[in-house]
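Assemble chains B, C and D with the ligands onto chain A, guided by the hints.
Protein chains in written order, with the numbering used here: chain A, 664 to 936; chain B, 664 to 936; chain C, 5 to 315; chain D, 5 to 315.
Hint data in this document are derived by calculation from the structure and do not stem from the laboratory.
Small disclaimer: the values here were computed from a predicted structure and weren't measured.
For every residue, glycine included, the Cβ atom is placed at its ideal position computed from N, Cα and C.
Careful, some of the hints might be misleading.
[Said to hold, decoys possible] Here are the computed lysine-lysine pairs in the DSS-like style, where the Cα-Cα straight-line distance is at most 30 Å:
{"hint": "1", "chain 1": "D", "residue 1": "LYS286", "chain 2": "D", "residue 2": "LYS17"}
{"hint": "2", "chain 1": "A", "residue 1": "LYS739", "chain 2": "D", "residue 2": "LYS280"}
{"hint": "3", "chain 1": "B", "residue 1": "LYS739", "chain 2": "C", "residue 2": "LYS280"}
[Stated by the list, open to error] Short derived list, chain D residues pointing at chain C, Cβ under 10 Å:
{"hint": "4", "residue": "VAL31"}
{"hint": "5", "residue": "VAL36"}
{"hint": "6", "residue": "THR170"}
{"hint": "7", "residue": "ALA199"}
{"hint": "8", "residue": "ALA201"}
{"hint": "9", "residue": "GLY214"}
{"hint": "10", "residue": "LEU218"}
{"hint": "11", "residue": "ALA227"}
{"hint": "12", "residue": "VAL231"}
{"hint": "13", "residue": "ALA251"}
{"hint": "14", "residue": "LEU300"}
{"hint": "15", "residue": "LEU304"}
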Amino acid sequence: MPVDVDARVVSNIRLSDDYNVVCLDAPALALGAQPGQFVMIKPVTGFEPLLRRPFSIFEVLPTSNSAPTGFSLLNKRVGIGTEILYSVEVDQEIRCLGPLGVPFTLVGPPQEAWIVAGGVGLAPFLTLASALQQSGTPTTLFYGGRRSADLFYLDAFTQLGVELVLATEDGSRGESGLVTAPLERALTASVVSAKPTLYACGPTPMMRTVAGLAAAHGRPCQVSLEPVMGCGMGGCYSCVVPVCNSEDEPTHFVRACLEGPVFDSQTITWNRL
Amino acid sequence: MPVDVDARVVSNIRLSDDYNVVCLDAPALALGAQPGQFVMIKPVTGFEPLLRRPFSIFEVLPTSNSAPTGFSLLNKRVGIGTEILYSVEVDQEIRCLGPLGVPFTLVGPPQEAWIVAGGVGLAPFLTLASALQQSGTPTTLFYGGRRSADLFYLDAFTQLGVELVLATEDGSRGESGLVTAPLERALTASVVSAKPTLYACGPTPMMRTVAGLAAAHGRPCQVSLEPVMGCGMGGCYSCVVPVCNSEDEPTHFVRACLEGPVFDSQTITWNRL
Amino acid sequence: MDLNVDIGSLRLKNPLIAASGCFGYGVEYAEVVNLKTLGGIAVKGLFLSEREGHNPPRIVETPAGMLNAIGLQGIGVHRFVAEKLPDLYSQGATVIVNICGSTIDEYVEITRILADADGVNAIELNISCPNIKAGGITFGNSAVGTSEVVQAVRSVTKLPIIPKLTPNVTDIAGIARAAEEAGADAVSLVNTFLAMAIDVETRRPALSNGVGGLSGPAIRPIAVRMVYECSQAVTIPIIGMGGIMTARDVLEFIIAGATAVQVGTANFVNPNLWPKLLADLKEYLSRHNIERVQDLVGTLELTETQVWNSS
Amino acid sequence: MDLNVDIGSLRLKNPLIAASGCFGYGVEYAEVVNLKTLGGIAVKGLFLSEREGHNPPRIVETPAGMLNAIGLQGIGVHRFVAEKLPDLYSQGATVIVNICGSTIDEYVEITRILADADGVNAIELNISCPNIKAGGITFGNSAVGTSEVVQAVRSVTKLPIIPKLTPNVTDIAGIARAAEEAGADAVSLVNTFLAMAIDVETRRPALSNGVGGLSGPAIRPIAVRMVYECSQAVTIPIIGMGGIMTARDVLEFIIAGATAVQVGTANFVNPNLWPKLLADLKEYLSRHNIERVQDLVGTLELTETQVWNSS
Ligand SMILES: Cc1cc2nc3c(=O)[nH]c(=O)nc-3n(C[C@H](O)[C@H](O)[C@H](O)COP(=O)(O)OP(=O)(O)OC[C@H]3O[C@@H](n4cnc5c(N)ncnc54)[C@H](O)[C@@H]3O)c2cc1C
Ligand SMILES: Cc1cc2nc3c(=O)[nH]c(=O)nc-3n(C[C@H](O)[C@H](O)[C@H](O)COP(=O)(O)OP(=O)(O)OC[C@H]3O[C@@H](n4cnc5c(N)ncnc54)[C@H](O)[C@@H]3O)c2cc1C
Ligand SMILES: Cc1cc2nc3c(=O)[nH]c(=O)nc-3n(C[C@H](O)[C@H](O)[C@H](O)COP(=O)(O)O)c2cc1C
Ligand SMILES: Cc1cc2nc3c(=O)[nH]c(=O)nc-3n(C[C@H](O)[C@H](O)[C@H](O)COP(=O)(O)O)c2cc1C
Ligand code: FES
Ligand code: FES
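Okay, chain A solo, but in the shape it has when bound:
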């Protein structure tokens, strides 16, 4: 059940010129948040901007086994709202509604989890990776960015026992090019042995490619989509994505805030997204 709380900013860690992590004090919200769920935050009172912004829950704080005190956001500056979030100050309060949406469905051993993240698409995966680790599921993170400096929290994933496969567009870290290239090779090489379930979040072209690879190799794939969201509650019908659940059903629009943001990639009509 979502709550709407004024969450106090505990810290704002600048990771780069574009990325930061904001830790928020919000026990009631963090309680019961599941990997892949999101929050709607109002970065500023007043009307500039008017609407809230959707953000994945990046970490549940603290990560130890005591009760959660809050959560963090991985934020990338792309416009007015994320700009404000990049500049928040400690002790400011930010209105947060959540947890919202359908979480990832977890796989367990002997199956493997292969996570594919592009850029800020990393956001939903730290909570997913820790949940997978708890069940002992072998997990690999395929993580791509523009350059080395755009890859974050590698240590955190490594400490969770996640194997890393990195790619950067400029070749400054890991493989040069898109992260879907090593993914494709890995799928081709090991699909029979590893039986991985894929989880993807990132730019739409990346997710489309991952969905295609999953289908080609007969692997299940869950994607976390990021449409524009007006309300996050099912109220406005702005966040729709085209889905088709079975062959005898036409493609139709469903609300990503209620039926997503996590979808089975096979149900998405990718050429209409």
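For chains B, C and D with the ligands alone, coordinates are given in the frame of chain A:
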């Protein structure tokens, strides 16, 4: 000639829960500012609020004989813009247009200057008092507020050699009641000897009373009016006040930003203000 | 303190209604909002059958407002009655069903279906939906078109009928009058303003549909004027809306002449704004010694010079 | 880079015009703005004789906008020609005189006077001023009224005539068409939206006049839609306005179909916004390899689904 500059906040001194003084670094604007002139400031970028706000120039900084480096504002919280100004932080930049408007006309010895200020109506008078002091004009400040804690900068006026007559509505400092009472007594007692010119700024009822007393005692009186101002430049015609310059002329509206804010109190059609 | 207001034969427990299209079918908010505490819920606009709606992007923000072109995606009246209405009914919600038609017959048929269902408290006629053509313009754009729809629906139901008026007209008061004469129990206004935003880098409309409807605080001053204007023209109750965010805004509409108000876009910003709206409204009433909210309706005081001209 | 645009026989050196009522008579800004660098200056609306205007308060802020009810205070056309025009002329300003009339004869007479004066470059007909009655509604509220005024003025001058259209109508494109057919050289739009703000504590209108006109960023999306709509209906140039604050907003209007734009409320916020507007406009043109600003006019790309319907 007015300039429009981004003025850096040098300090923000809270005087009380409602009043503060903001010092701004703006040499080009301060240069040539005369007592009674005002600035139009944009307390925030964006549209909340959309329009600028008019403020008297409270002090020219520094007050020594070197070239001015900026100016200060005496601000009273009454709404959204003054609220923002109450909370500005050092090093923030605030857009300021000025100096604007018609200044006070100074009197010189042997004439006296009697200044009448109500509440934040004190704002235009510190620069006036120092100009008067330079010409050696005997100056008295009749200054009224709600309570003792609402009377500010008394020492500054005293140091300029200004004689103080105080009144508070709750009687906690000076005379109990409105400041126009001691003014009236003083006018009645000493008008022949002192030949004071009156200067008034404050709530409209106060200024109306002062104008009436001035007329009754045959003394000249300059008032600084504070109508709502949209632009401060003569562009919008929002700031009009009803004036009548001679008996054969009907009352008509003139722009207070161009022909004021300082007016000869006799020209104002008070019952239409 | 008496917060009841009457919309025709329907008594609302308070004047605060969730606006159509901004509160889903109501049930989506049940976890966050106590539905029965609202004066009413105007559910999302329904056609007879299901509709897909427009391609995304469907919304874009503008200064103090937003554009939407949802395209009335919806489940149709049959599924609504079967899947949503029982739930709303059991939670004690006061349900105002917002209906759309491509023809007068469609309005009539939807009304018949709703009139037979349990739990429908009133019908709001969305005649401000520019998809519907009547002799080249929409029903709601003309007094004649408005009158036709209202009369037709009136003849098949005793439920309160509330035509919802478009602001995109020269004379909204004339249209309100036509609605009243045709037998409407109330009018609601305003729907959104037809508007457009352009992405200057791509030189394409920001919305997939090209144009959209402007809502939110930006439009409030125009909506308040229209409510006042209509209140001078009709005697039936007016349900006012357009940019309400706070109790102050609610009061502005009521004082201008609205018996009740709807809150749309604000739900997106603050999904459970209702308790505070209601508390602040009560605080105002008690501070001003007003016993019944109905006594505040249309209490705007005008002087002689305050006539219909500006600038 | 070619920033010239043509409004009938008048060539503007760039598409940026100061909007009427928001820039005084121009001369007020001479200390802060280099007047001859503007595409044009639409001076404050003039009647034949002086007018007092409404009592203050004349403006009030609203979300991302403001209401005004100035009441067309002004010095009248005679004093304008004698006292202001020579100054504007000597400073090299391109002067568009905004005129108002209570009757068609008044429009005609003002036009005659201006046509004889040195330094008038065009006449903007303020037929969107709700003070003027023609058969119960203002000229500008109907195609017929618009047509009458334009024809009458057309017959007495060769100066470019630019009727300024009101947005408070059902069919602004129809009115633009009527203006074109009656001989207008261009149309300008939009004037302000009739609106109202209420002080809920006193239960009185915030403006002394009761109602006022809404301007500023809040109205921009509606104004852009109307410019686009008119551009589909007429071939004469359109001068677009409503809420322009930045070069991005200028571009939105030009892409929608405006040959030039006017900037109103933004002057109050930033009296010398012109150099930056112009620089940012040029930067866009060069980044997009557009040699002539005229080539950008009406370049909005629409797909088939982007038709005239919403929500
Ligand atoms: C479920 C979900 C989870 C998300 N999680 C994260 C996260 O953890 N970290 C993060 O940095 N971002 C996340 N996003 C994306 C984030 O919501 C947008 O980047 C943000 O809303 C943009 O707001 P803005 O005001 O900065 O941009 P605006 O100024 O509104 O727009 C700037 C640009 O961003 C685009 N944009 C606007 N809204 C969205 C949106 N919802 N999705 C994608 N693009 C958009 C606009 O089209 C425009 O091109 C998530 C989105 C969704 C739907
Ligand atoms: C020439 C001039 C000089 C001024 N000098 C000072 C000064 O030195 N220090 C100072 O604190 N104030 C000064 N004022 C008044 C100050 O401009 C207003 O208090 C301020 O604009 C209110 O803005 P706001 O956003 O806080 O109020 P808003 O939220 O806009 O309104 C709050 C209340 O204040 C009233 N109000 C709004 N604008 C004005 C206005 N211009 N004048 C009076 N009341 C208004 C409103 O009607 C409303 O009741 C001056 C005004 C003028 C015209
Ligand atoms: C996303 C969205 C969808 C809407 N859908 C409908 C609808 O289905 N039927 C209707 O009559 N009005 C619809 N409206 C209009 C609102 O009910 C309301 O009239 C308008 O938004 C103005 O109110 P507001 O400013 O409070 O949002 C919609 C508005 C929005 C923003
Ligand atoms: C204070 C004020 C006065 C105005 N006076 C006039 C006028 O005299 N004649 C006229 O045609 N339009 C007048 N207008 C309308 C503007 O010219 C312009 O059409 C409108 O404000 C929209 O543009 P904006 O949003 O850029 O201000 C006035 C607008 C304002 C804000
Ligand atoms: S964001 Fe409003 S329905 Fe999904
Ligand atoms: S404030 Fe605009 S004319 Fe005076």
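Results of checking the hints against the structure:
1. At roughly 13 Å between alpha-carbon atoms, LYS286/D and LYS17/D fall within 30 Å of each other, so this suggested pair holds.
2. A distance of roughly 29 Å separates the Cα atoms of LYS739/A and LYS280/D; the hinted pair therefore holds under the 30 Å criterion.
3. With a CA separation close to 29 Å, the supplied pair LYS739/B and LYS280/C stays within the 30 Å bound.
4. Against a cut-off of 10 Å between C-beta atoms, the interface hint on VAL31/D is violated, since the closest Cβ of chain C lies about 21 Å away.
5. For VAL36/D, the interface hint is violated, since its Cβ never comes within 10 Å of a Cβ in chain C; the closest pair sits about 24 Å apart.
6. Taking 10 Å as the C-beta contact cut-off toward chain C, the hint placing THR170/D at the interface holds, the least distance being around 9 Å.
7. Below 10 Å, beta-carbon pairs count as interface contacts, and ALA199/D has one with chain C at about 4 Å; its hint therefore holds.
8. Proximity of ALA201/D to chain C holds as hinted, the smallest CB-CB distance being about 5 Å (cut-off 10 Å).
9. The interface hint given for GLY214/D is met, as the beta carbon of that residue sits about 3 Å from the closest beta carbon of chain C, less than 10 Å.
10. The closest approach between the C-beta of LEU218/D and any C-beta of chain C is roughly 5 Å, which is under the 10 Å cut-off, so the hint is satisfied.
11. Hint on ALA227/D holds. Least Cβ distance to chain C is approximately 8 Å, under the 10 Å limit.
12. Because the beta carbon of VAL231/D sits about 9 Å from the nearest beta carbon in chain C, less than 10 Å, this interface hint is met.
13. Nearest Cβ of chain C to the Cβ of ALA251/D: about 9 Å, under the 10 Å cut. The hint holds.
14. The criterion of a C-beta within 10 Å of any C-beta in chain C is met by LEU300/D, whose closest approach is roughly 8 Å, and the hint holds.
15. Because the beta carbon of LEU304/D sits about 6 Å from the nearest beta carbon in chain C, less than 10 Å, this interface hint is met.
Hint check: violations occur at hints 4, 5; the rest are consistent with the structure.
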